[in-house]
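Student: Residues per chain are reported as follows:
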Amino acid sequence: MSVLTLTVNGKSHSLDVDPSTPLLYVLSDDLQLRGPKFGCGLGQCGSCTVLVKGQAVRSCVTTAASVAGAEITTIEGLGTIAKPHPIQQAFIDEQAAQCGFCVNGVIMTAKAFLDRNPKATTPEIRQALSGVLCRCGTHIRMLRAIARYAKGVNA
Amino acid sequence: MKRRTFLKRSGALVVGISAARSAPLVWFGVDPAVITAQRLDGAGSNRLDSWIAIAADGSVTAYTGKCELGHGLYTAQTQLVAEELGVPFSRVTLVQCDTALTPDQGTTSGAQSHPTNFNQANLALAGATAREALMQRASEKLNAPIDQLTAVDGVIRVNADPAKAVSYGDLVGGRPFGITLNTAARRRHPREWKVLGTPVPRLEIPAIVTGEFEYVQNVRVAGMLHGRVVRPPAAGATIATVDERSVSGLPGLVKVVVRKNFVGVVAEKPWQAIQAAGKLKVSWTAGPDLPSYRDFHDRLRTQKPTRDTLLVNSEDVDQKLGAASNVVKATYLYPYQMHVSVGTACAVADVQNGKATIWSASQAVYPLKSSAAMLLGLQPDDVHVVFRMGPGCYGCNGADTVSYDAALLSQAVGRPVRVQLTRKDEMSWENYGLAFVIDQRAALAADGTIAAWDHESWSPAKGGRPGAGSPGNVVTGNLAGFEPAGVAPRSPAPAPTAFANNSNAVPAYVTGTVAGRRGGTGAIASQRVLTHNVASPFFTGPLRSPERLQNTFAHESFMDEIAARVKADPVEYRLRHLSDPRLMEVVRAAAKHAGWQSRPSPQPNLHPTGEASGRGISCVLYEGDNGYCAMVAEVAVNQDSGRVTVTRCVIANDCGPISNPDGLRNQLEGGALQGMSRALLEEVVWDDQKVTSVDWRSYRPLFLGADVPAIETVLIDQPDARATGAGETAVTVAVGAIANAIFDATGARIRQAPFTPERVKAALQLRS
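So the protein lines, in turn, are chains A and B.
Quick note, in this note's numbering, the first sequence goes up one by one and the last residue is 178.
Quick note, in this note's numbering, the second sequence goes up one by one and the last residue is 1518.
Next comes chain A alone, as it looks inside the complex (with noise of 0.2 angstroms):
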């Protein structure tokens, strides 16, 4: 174990963890976050996806000690219940979601492609989220949300 300092949403944390321990682990039960979520530990679902200096980083496959210093935001630090960010409110909106689990590595993987591609056309939206489950199919409310999120953005 050894103290590891991680910056979450803008609060700095310091932390007594194995230093190979995924960050996934220690944002759920060191943090007690419920945004990231593990769908696979494999990095191949997008479940756990959260932003390491504004990138979408698969969580499971991604060390703690790799991330120290750096600031991570979660889904929580985009909004909240009383003041959803606009891809969480465009989510809303387009009611978004059947079982939900996937939304984190949704929004996110989105967020993070948009923020840095603001004029992505439909396709590169599609294939920036080619690495995303949804199990339910919610595909097209999904892809709805993030155009309508876009739209807001560029308007």
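Calculated from the structure, these hints are not laboratory results.
None of the values given here were measured: they were computed from a predicted structure.
Certain hints may be false.
Claimed, not checked - Think about it this way: if two alpha-carbon atoms lie no more than 30 angstroms apart in a straight line, the pair counts; the simulated DSSO-like pairs of lysine-lysine are:
| # | chain 1 | residue 1 | chain 2 | residue 2 |
| --- | --- | --- | --- | --- |
| 1 | A | K34 | B | K1019 |
| 2 | B | K1019 | B | K1031 |
| 3 | A | K34 | A | K76 |
| 4 | B | K944 | A | K106 |
| 5 | B | K1440 | B | K1005 |
| 6 | B | K1019 | B | K1029 |
| 7 | A | K106 | A | K142 |
| 8 | B | K1019 | A | K76 |
| 9 | B | K1010 | B | K1105 |
Said to hold, decoys possible - Pair by pair, the computed Cβ-Cβ distance ranges are:
| # | chain 1 | residue 1 | chain 2 | residue 2 | range |
| --- | --- | --- | --- | --- | --- |
| 10 | B | T930 | A | Q55 | 43 to 51 angstroms |
| 11 | B | R1447 | A | N177 | 33 to 41 angstroms |
| 12 | A | N177 | B | A1512 | 42 to 50 angstroms |
| 13 | A | K174 | B | G1231 | 55 to 63 angstroms |
| 14 | B | A806 | A | A170 | 27 to 35 angstroms |
| 15 | B | A806 | A | S153 | 51 to 59 angstroms |
| 16 | A | K34 | B | T933 | 38 to 46 angstroms |
| 17 | A | A170 | B | D1467 | 26 to 34 angstroms |
Stated by the list, open to error - Not close to chain A: a few residues of chain B, all C-beta gaps over 10 angstroms, as computed:
| # | residue |
| --- | --- |
| 18 | H1047 |
| 19 | Q1069 |
| 20 | T1247 |
| 21 | F1249 |
Backbone N, C-alpha and C fix where the C-beta goes; we use that ideal spot for every residue, glycine too.
Could you slot chain B onto chain A? The hints should help.
Tutor: Only chain B this time, still in chain A's reference frame:
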């Protein structure tokens, strides 16, 4: 019930729905008599107080035994209570599936929640009973006849003098009703609905999209440890030795737990448990080899013993087939498929001092209470199961088995333990959806109509839902020493005594006549449906539209093949053989909305190469009595690569009165896409020892980047009909509609799912 107890119970609810971190609820002073009254073996409760409580401030707490699985039921049930009671939607708090608090409504499955709770029974009837009781009490209090009273937003007023009024809170607030459900209570008619029937947004979504929602994966309780299971390396393997020294001294390790062939480790932190599980040396004795994947379907036909069931038999089918000059035959093959929820299964259990609390995403909290008690050697009364939503389950996924994992590990260490499965452990051992071999034969009359339909199928089964008494039906219970349900041999099949089509083994086009009574939806009188269950090498269990999807794929493909044989339009030919007006209506509605052009399949401009497009239709009366649906699918087939792209789906659905149209649309869209994923992509594969579909590369469903069709839904509202299921209809018809569209586009008939490029190319090569 005493007032004090009632208030305690109400107080406990607030804690219960907001914070799993708090102490277990079962010990909150709930009146044991109340719990006993609610435990009616899945039948709900006839006591109004089991379903609805009204506080002094007029707020309503309702209790349901049917849980949210991602299909919008929690919101729809909240609408139902608000509607029946006549209170604003925001005033209702719904408590779902907690064995200490809610009525025992068995399992939330089989598209049965809408019919169970939205007709003249259970939750809907409780709302209506409460409303009538409140009107009666208001009548006495206001000294006015009921027919001169109006209830709006939880206040009952005298029509002629609206100042004379009394609120629900004043009438009953904080006190029990103390009455039973009135089966004659008048429910709000769908034509009067103000809350039901409207697209109320899902209550969970704001919390989901902000990361605040508590899934079972997020449950954390004080003093909780983390467990990890060590599954056998292959099916049938048994433990030879467990070398605990291989992990001794590892940081955070609390205990290695072994019970028969169940192995797990418990540690302080999840990463420590993962490392310990990886390092634990367990030597296993290999079990028998698995049957070959390559000829698996062929072997099903000859496997013994079998359990044979005749669902219909007019006893003239052989004679008609023998006499007909034109007989059509085809065989359809379906693979094992997985639920594979996007998050792996997780549960938290706290088993100490002879009592257990399990936080679980099981669809079956009450049955789990009993089966977990068997596993733990406790009495059911000592087990409390609290539902917490998990990732979409689509049937018996890993939720039950991981509940056992957590319970066994917690019992061994005497502290709360959280377990979340690895992706590989979940995929290797879950209860797969059934593989099938289905033979179809039809005798054609001279005029091209179907004179006889003969259906025979083989499907392998092992285990299933654990129910109240079969923990061995899922892998953990089996490893811990309980046997899975097998196949009880029975051959030949006895003659059917009553019509039942729960599995949709009986095609929609036959009369379904059994014992002189007609139960089917079609016109063909000469009919035989014979099914054979055989033993499966893998655990199996209900996967969204179990059997119904597979059978409907075979029926709807075969109907299309016959229509093509006689050069009839597939829609017209279906209608010619149907008799149920509502089923005919969804077929017509889907075709009309899709702009269906009447002509036989395949399309007239066939080319052997290049891109081809076509359309196909498929329909079902789900479970024979539980929801009508038809889908027109349009596809583009790349005849060089064999790749199929579904470009458009039009779905017409009739589930009786529509409780929430947007929720229904969401289900139909999701069903279509999940059906498309299963039609084109999904198949469990194995080698001679083990399943090799173990991650998202080796079992790859429809990811977000995939080409998705435009989906259009036609909702047929039936305000005077019973509420039926709606969550499993679209998935049921998708596979057949896509197969038929591929045929229409190319003239190639594909009879084995999934329709991979290789299989499509092989089918294309078989074209004459």
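Student: Each of the hints needs a verdict: does it hold here or not?
Tutor: Status of the hints after comparison with the structure:
Of the pairs offered as hints, the one joining K34/A and K1019/B holds, with about 23 angstroms between alpha carbons and a cut-off of 30 angstroms not exceeded. Distance hint between K1019/B and K1031/B is fulfilled; the C-alpha atoms sit about 20 angstroms from each other, no more than 30 angstroms. Among the hinted pairs, K34/A with K76/A is consistent with the structure: their alpha-carbon atoms are about 14 angstroms apart, no more than 30 angstroms. With a CA separation close to 29 angstroms, the supplied pair K944/B and K106/A stays within the 30 angstroms bound.
Distance hint between K1440/B and K1005/B is fulfilled; the C-alpha atoms sit about 28 angstroms from each other, no more than 30 angstroms. Between K1019/B and K1029/B the CA atoms are separated by roughly 16 angstroms; this keeps the pair inside 30 angstroms, and the hint holds. About 25 angstroms separates the Cα atoms of K106/A and K142/A, which keeps this hinted pair within 30 angstroms; it holds. With a CA separation close to 27 angstroms, the supplied pair K1019/B and K76/A stays within the 30 angstroms bound.
As the CA atoms of K1010/B and K1105/B are separated by approximately 22 angstroms, the hinted pair is consistent with the 30 angstroms bound. For T930/B and Q55/A, the Cβ-Cβ distance of about 44 angstroms falls inside the hinted range of 43 to 51 angstroms, so the restraint holds. Distance hint check for R1447/B and N177/A: the Cβ-Cβ separation is about 35 angstroms, which falls inside the suggested range of 33 to 41 angstroms. Taking 42 to 50 angstroms as the suggested C-beta distance range, the pair N177/A and A1512/B conforms, at roughly 47 angstroms.
At roughly 58 angstroms, the beta carbons of K174/A and G1231/B sit within the given window of 55 to 63 angstroms. At about 47 angstroms, the beta-carbon gap between A806/B and A170/A misses the expected band of 27 to 35 angstroms. A806/B and S153/A have their C-beta atoms about 55 angstroms apart, which keeps the hinted 51 to 59 angstroms range intact. At about 57 angstroms, the CB distance of K34/A to T933/B disagrees with the hint of 38 to 46 angstroms.
Range check, A170/A to D1467/B: about 30 angstroms between beta-carbon atoms, so the 26 to 34 angstroms window is met. Every C-beta of chain A lies more than 10 angstroms from that of H1047/B, the closest at about 26 angstroms, which supports listing it as non-interface. Its beta-carbon lying about 45 angstroms from the closest one in chain A, Q1069/B satisfies the requirement of being farther than 10 angstroms from that chain. Chain A leaves T1247/B outside its interface by the beta-carbon criterion, the shortest separation being 39 angstroms against a cut-off of 10 angstroms.
Annotated as non-interface, F1249/B keeps its C-beta farther than 10 angstroms from every C-beta of chain A; the closest such distance is 33 angstroms.
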